[in-house]
Structures are given as structure tokens and as C-alpha cells.
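Chemist: The primary structure of each chain is shown beneath.
Protein chains: 2
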Amino acid sequence: MTAARITEVDVIDIRFPTSRELDGSDAMNPDPDYSAAYVILRTDAGDGLEGHAFAFTIGRGNDVQAAAIAALRDHVVGLSAEAVCADPGSLSRALVGDSQLRWLGPEKGVMHMAIGAVVNAVWDLAAKRAGRPVWKLLTDSEPEWLADQVDYRYIEDALTREEAVALLRKGKDGSAGRELRLLANGYPAYTTSPGWLGYSDDKVVRLAERAVADGFTQIKLKVGADLADDVRRMRAARAAVGPDVRIAVDANQRWNVAEAVEWTNALAEYAPYWIEEPTSPDDILGHATVRRGVAPVKVATGEHVHNRVVFKQLLQAEAIDVLQIDAARVGGVNENLAILLLAAKYGVPVCPHAGGVGLCELVRHLSMFDYVALTGTTEDRLIEYVDHLHEHFKDPVAIVNGHYVAPTAPGFSSEMHATSIEAYRHPGGAFWVADAAGLTEPREGTNR
Amino acid sequence: MTAARITEVDVIDIRFPTSRELDGSDAMNPDPDYSAAYVILRTDAGDGLEGHAFAFTIGRGNDVQAAAIAALRDHVVGLSAEAVCADPGSLSRALVGDSQLRWLGPEKGVMHMAIGAVVNAVWDLAAKRAGRPVWKLLTDSEPEWLADQVDYRYIEDALTREEAVALLRKGKDGSAGRELRLLANGYPAYTTSPGWLGYSDDKVVRLAERAVADGFTQIKLKVGADLADDVRRMRAARAAVGPDVRIAVDANQRWNVAEAVEWTNALAEYAPYWIEEPTSPDDILGHATVRRGVAPVKVATGEHVHNRVVFKQLLQAEAIDVLQIDAARVGGVNENLAILLLAAKYGVPVCPHAGGVGLCELVRHLSMFDYVALTGTTEDRLIEYVDHLHEHFKDPVAIVNGHYVAPTAPGFSSEMHATSIEAYRHPGGAFWVADAAGLTEPREGTNR
Chain A
1 MTAARITEVD VIDIRFPTSR ELDGSDAMNP DPDYSAAYVI LRTDAGDGLE
51 GHAFAFTIGR GNDVQAAAIA ALRDHVVGLS AEAVCADPGS LSRALVGDSQ
101 LRWLGPEKGV MHMAIGAVVN AVWDLAAKRA GRPVWKLLTD SEPEWLADQV
151 DYRYIEDALT REEAVALLRK GKDGSAGREL RLLANGYPAY TTSPGWLGYS
201 DDKVVRLAER AVADGFTQIK LKVGADLADD VRRMRAARAA VGPDVRIAVD
251 ANQRWNVAEA VEWTNALAEY APYWIEEPTS PDDILGHATV RRGVAPVKVA
301 TGEHVHNRVV FKQLLQAEAI DVLQIDAARV GGVNENLAIL LLAAKYGVPV
351 CPHAGGVGLC ELVRHLSMFD YVALTGTTED RLIEYVDHLH EHFKDPVAIV
401 NGHYVAPTAP GFSSEMHATS IEAYRHPGGA FWVADAAGLT EPREGTNR
Chain B
1001 MTAARITEVD VIDIRFPTSR ELDGSDAMNP DPDYSAAYVI LRTDAGDGLE
1051 GHAFAFTIGR GNDVQAAAIA ALRDHVVGLS AEAVCADPGS LSRALVGDSQ
1101 LRWLGPEKGV MHMAIGAVVN AVWDLAAKRA GRPVWKLLTD SEPEWLADQV
1151 DYRYIEDALT REEAVALLRK GKDGSAGREL RLLANGYPAY TTSPGWLGYS
1201 DDKVVRLAER AVADGFTQIK LKVGADLADD VRRMRAARAA VGPDVRIAVD
1251 ANQRWNVAEA VEWTNALAEY APYWIEEPTS PDDILGHATV RRGVAPVKVA
1301 TGEHVHNRVV FKQLLQAEAI DVLQIDAARV GGVNENLAIL LLAAKYGVPV
1351 CPHAGGVGLC ELVRHLSMFD YVALTGTTED RLIEYVDHLH EHFKDPVAIV
1401 NGHYVAPTAP GFSSEMHATS IEAYRHPGGA FWVADAAGLT EPREGTNR
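If you read the protein sequences in the order shown, they are chains A and B. Numbering of the first sequence is given in the working numbering, commencing with residue 1 and proceeding in unit increments. Numbering of the second sequence is given in the working numbering, commencing with residue 1001 and proceeding in unit increments.
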């Protein structure tokens, strides 16, 4: 076992035909085909364990994303499986620090998401080898080891290693009790399923009512294409769920700064809880202006924020009320640890982005760690839930009474069924071959 | 001619073995292999004109960059050559706005540089069809048309179309006289050739002395690996050039914020003119802190700034004294027009990044436009010059008395010799085939 090496990095372009249902439609993304640039790390340990993970994309360009993951192969093949699983942070730093690949970012876009996929695959492998889910691997770790998993380059002015250790030590107080509560009650979720822009008002109302009946205390609507439509849908949704259920709204970067303030205030009558992605994810100062202009409506962003340096500034500039990590946008678990620590230090709640392909499966691990062993609270914290494509995963999410159930299977819950991988490989998988031959039909919804 | 279509988008992975000379070595990039993900737009016009351009990378990952350009093919093939050349801005917006590809950025990294390459190839084609160099095509354009070439999304809080038109109208005043002066005297340059980190002190001194003899009034040294080395090299360079030649220093993102302030101040005795890339290019607030901490040394950045939204904030936050555009990092000429307009509005001088492969060739067009028809001045403005790889270009830069000569050949000067493309194609070109067979040797310098 100690001599085991990583022997292969398989990369697979997997695409699901979600655009046919308008699942996932919003003001900027009218027709996404949810896709995964999927990676499998294989070893010669003989234990049958593999590390699985992926970068999430929405269709075109998934091949580019896969090529970026393949470009990391030489950094990974031949590494000691034991060493890399004992310290994913060193690999993370080596990948981010490759001086030639760094030019393609640095630490952003296609190349950084590729690093995130590989790093997350290492965490999947490490957790499987440890026989524990990733959230439990994290909560069981020593504060000093966890603090060493973070790259402080470019964030030391906001968070030092010493501060990280102190936060993590404090997080250990009472963690055993919180772990039991997590296992008993799960972690709060909110649902976006009612609110896709392509849905009719009737469907929005029907799904919003069902969400409340299912125990959700917050839903989310997509906005930003047409103000009159947004007002009408928001009024209908508010009438359907009543005054006590939070309704977040999400503009998916549709607006300029001034427009974001005006549009959000035009919806104020229906008490939106937060406005999400009001403008460019790069516009730190713009978000700060929007926040000042729309209070008491909160400002949320993060699913397209490309690294810890931008999150650092969003916090320093008091630009956001809600920080939305994404499991597959930044450089993997290690960078998300940095971001969770930054949020904890600045006292801003983290409400992860999820949905897509497998993002719910992954990100719950990070929030559950945050609750058990970092901030110690779920107050004003919820994980997004979207009822998409879970059937393709071996360890899919389960929602009970509006809460994510804590996963107990070893790993990062990032592994798809072999049958799904084979069917949806693009362009050679069975579904796509049949599709090209005209043998598939639009279906009404998956899992809905 | 009016019916001509774009018929092909050829993408070629071209790499030069620059790492063997330590040309281009700095604190973050010890061994770059300067490379180009090269694109050729072909038409059926029958006039023999093609649009050439490229994304610049430093070696590994150039294949990923090439794949990203190829992913844009379907947006371009079949377009009217006339229409796209008459309005590159519409294509630029269509490429940036592809909702699925947008997920891979948005507007950053590999995918955005790919868009920049395609957009720049359109400008090359447009200028060739117009029989003028790009700088002249720009200076001859109407303010309203130029203003329409800019995408104001996410920058309207800093620059409106109306403000852009006003700046461009003002730029027309006296432009005929400035054009004559430009053709007679060229545009000021500074040189980085003396200062690569891998060079010995003797080589630094020898090249610095030669730079002054050649008429340069500013040189640049790489710093950031070792403070004692930097102090020694800076002292030697200052002694070599005397007090009146500006010496810029460049840390290539090596530092955290506090470290940047300390290190720069430790070099203050030798009067560095600017500190370039002191920290992460994403750290707008960090640059503002550094600027306050190192004055009167100026702060410069931009070669890795990924789009106009970040430049906007660097200006809004008063984080930089010198703005460094790059011809091949952002979304092409159109986004660089936006950035030049922002800089003009905020009164910050633009000193472009150049070097690499062909960056000098391209970016001079943008500064020359800025001088003739936008800001109307070259005060405190210089274009970086590095004596690398120009021999591969059909319309290479020429430097006379420390000034870039204005190019007069039609196009964007972005076209390589067919023999260079063929020899340095990776991995199948003649050089790389010979190299793989052990038949190439390290050479002392190209063009030095």
C-alpha cells in the first residue's frame, strides 16, 4: 500500500441534454446542457479505489475544459498515492504554481477549474482510503494540518495561518455534539427548482407550493430578463408561499451597477431576501455599491468568483451579505477551505451554490464541515438544492424536510455510475449516438 | 467581394524554445517557452487576404489555448467577411455572449484569450482589406463608430457611450499634426532586455549600457526572488545608467501586499520608477494599499488583468499610476479600446506590456492610436520593448533612437512567416521533430 502510485488520469467529456427542458434557464443562460469534464485517478494499490471528480460546465467548451484537465496529467501520474492523500495541499500548490500553465490564468477560468477537478479527485481518493466522507475527514483533522492545507499567498493581509489555526481550534469546541445534530437533522437547504426563467407562472406557483409543503423555508427565482415578468412572477410566488418563506432572486450577472439597484428596488414590495449575482462577478466595488443601494435586501455572489483573492476583496470591501462558494469553480477543497476561513473571520454566512451536475453532492461536505468544526452554526446558512441529475451519482443527495442528509459513504460523493458515464460520454456515448441518429425525444423533466 | 464569406478558421500550436536561453526569466516564470496559439481566418474573396492573430502563452497549455480558439470556429465560419470587418464589435459581443462558453470564464482566462485572438484576427483582416495598418484604421474612424465598438456592459458606472464619444471627438483635434509627428519620430519605448532574472550582473550592466547608448530613456529589471540579489543588481544598473534614466522594476506577482510594500521600499535608495505587478493581478484593493505604501514609486499592472471590469476598478480605487494593456490577454482590440477610453477618462497613462511572441508587433498599433486620436500625448507613456522573436513576423517592429517606428503595412502586424509557422509547429514542425531526435543545440540568444 505504501508504494502505491497514481498510474492514470482518465478524462471524460460527459454532457446531459438539459436544454431540452429549460431546466436551468436564467437571464444569461437560456439553454444550458449541464456537463462535466470528468476525471478519474487510478492507482496500482490494488484496493479498487479511484478518485473521481469533475469540472462543471454548461455544454459547449466542455471539451476545452477536458483538455485543460489532461494538461495536468504529467503533474499527477507517478505520484505516491499515500503522500498525495496525506497532503493534497502540496499538490494543489504545485498545480497552481506551474509557471507555464499559470500564464493561462493565473488562478482563473478553464485552467483553474481543471486544477479544482484534479484536487477534488484527490480528496475523493483520500476520503475513500480513509473510509470516511470528506466532511468527516475534514472535521476529524487537526487544526494545524487543516491550516496547512490553505495557500495564504495573496490573502495574508486578510487571513494569516495563525488566525486560521485559532478559528479551527475554536471550531473544535462542541464539535462532537454538532456532529450528532448534523447526523440527526441534516443541513438546511433552499430550492431553486421553482424559479427557472423558462417556466410558466403556473409552474412557478405549483413548484413553490410544493417546496413549502416539502419543508423548505427559502426558494429562489431567476430574474433579470424583463422587469414586468419579474414583478408578476415575484407577486405570484409571494402569494403562493406567504410572508414567512424567504424568496431569494438571482439575476445571473445580467445588470450594470445602476440597473441592479433600480431593478432590485422595483421588486422590494415583495420582500426579496437576497439579490444574487446582480452584476459581473469581477466587480467587487460594483457589488459594494449595489449593496449600499438595495439594503435591507441582501447581496449574494460567488458561483462565478474565480478564486480566494476576489472573495477576500468582496469581504474587505463589505460588498456582500452572503458568500456563495461553489465546489467546482475554484481550485478544489483546499481553496474552498481558504474561502470558508475568510468568511468565518469576516462573519459572513456561506450559502453554497449548487445544482448543475453533482454540485449538490460535493458542496454539502464543505458546509457540513463548516457547521461541525468551523463556524459552529447554521444560522442564516442554507445550501442551494436543485433536483437535477442526481440519479447519475453513486452517493446522491437526499433531502428530508428541507434539509440535506449528511452523507456517510466514504469519499466526496463525486463518483458517477459507470452506466451514466458510458451513456452520456460526448460524442460517443449511447445517448449521443442515438441522438445524432434522431432516435431520442424531448422528455418532460428528469426527476421532477 | 460583397459575397465573400469566412470559410476557414485554422488553429496552430506554435512554440519557440526560449527557455534554453533564460530569455524571459523572472521571479514567477523561470523557464518560459514563448508560444502562440495561432489563428488564421480564410475567406473565399479571392483577394489572397487572411486574418492572422494569436493568443500568447509561455509553453505548456498552448494546446489547451488552441482548443479554446477552435471552440469558436462555429461562430465565425460562414460569416460575411465584409460585415464582420465593418463591425468587429458585433462579433466580439457574440463571442463573449455565448451563454455556454461564458460559463468557462466569464470573460477571463483561456476562453477569453481565445476570443481576443479571433477578434484580433478580424481586425487584421479588416485592416488588410482597407489597405491600412490597424492604428491608422482606428485613427481614421469616426468617433461614433469607434464608440460603438466598445461593450459598455459592466463599465457604464465608469464610462458611458456618450463620454466615449466626447473623448474621441476631443482626440480628433490636432490629430493630423500628431500623425505626421508619429510618422517622423515614432512612439517612445523602454527596454526590458537587460533585466531578466536569469542574467548575470555583468550581462545586466552590459545590456543596460547598451540600452542607454541605443537611445532608451527607461529600462526595466525583474525583481522578487531574493532581496539581496535585487539590491545588488539595482545598484549596478543605477551606476551603469546614471540618475536620469528611469529604471522600472517588475515583481511578476511574486509578493503578498505587505511584502510588496517592504521590498519596494528596500529598493527606494536606487529610485525605481515603478513597481510592476507587485502582487496578484486580481487584487485591486491590494494594489491600492501597495500604492499608498510605496509612493513616490509608482504602481503599474495590467499584463495579467483579464478584462475591462478589473481595469475599471483599478482606476476607480486609485490603485495604479500606470496602466499596462496587453494586446493578447483581453478580448482583442475592442476590449482594449474600452480600456484605453477608461484610462483616458481617469487620466492614467498607458504603458503597454509587450515582449513574448509578437506582442510588440501588435500593441504599438493601440498606443499609436491613443496618441494620434485619443489622449494626444506621449508624456509618461512608453511601450515595452523586448528583442525577442521578431524575425518570425512579416511586419516586425523597428526601433530607432529608443522609439517604435510607426508601421505602414496593411494589417495588425500579426502575421508570421509561413516558414516560421511550419518550423515551430508543435510537435510536428521541423524544429521540434529535430529536437525530439536530439539534433538541436542550445544557442546563445536569438536576436541579441
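Wrong hints could be hidden among the right ones.
[As the list claims (entries may be wrong)] Incomplete in silico selection of chain A near chain B, CB under 10 angstroms:
# : residue
1 : T7
2 : G105
3 : E107
4 : D387
5 : H390
[As the list claims (entries may be wrong)] Anything over 10 angstroms on all C-beta distances counts as not near chain B; from chain A, calculated:
#  : residue
6  : P30
7  : A68
8  : A271
9  : K312
10 : Q316
11 : V348
In case anyone wonders, no lab produced these hints; they're calculated from the structure. We treat Cβ as the ideally placed atom computed from N, Cα and C, and that holds for glycine.
Chemist: Run every hint past the structure and note whether it holds.
Modeler: These are the hints, each one checked on the structure:
no., hint, verdict
1, T7, "21 angstroms, violated"
2, G105, "5 angstroms, holds"
3, E107, "7 angstroms, holds"
4, D387, "20 angstroms, violated"
5, H390, "20 angstroms, violated"
6, P30, "6 angstroms, violated"
7, A68, "5 angstroms, violated"
8, A271, "27 angstroms, holds"
9, K312, "8 angstroms, violated"
10, Q316, "6 angstroms, violated"
11, V348, "16 angstroms, holds"
Against the hints set out earlier in the document, violations occur for numbers 1, 4, 5, 6, 7, 9 and 10.
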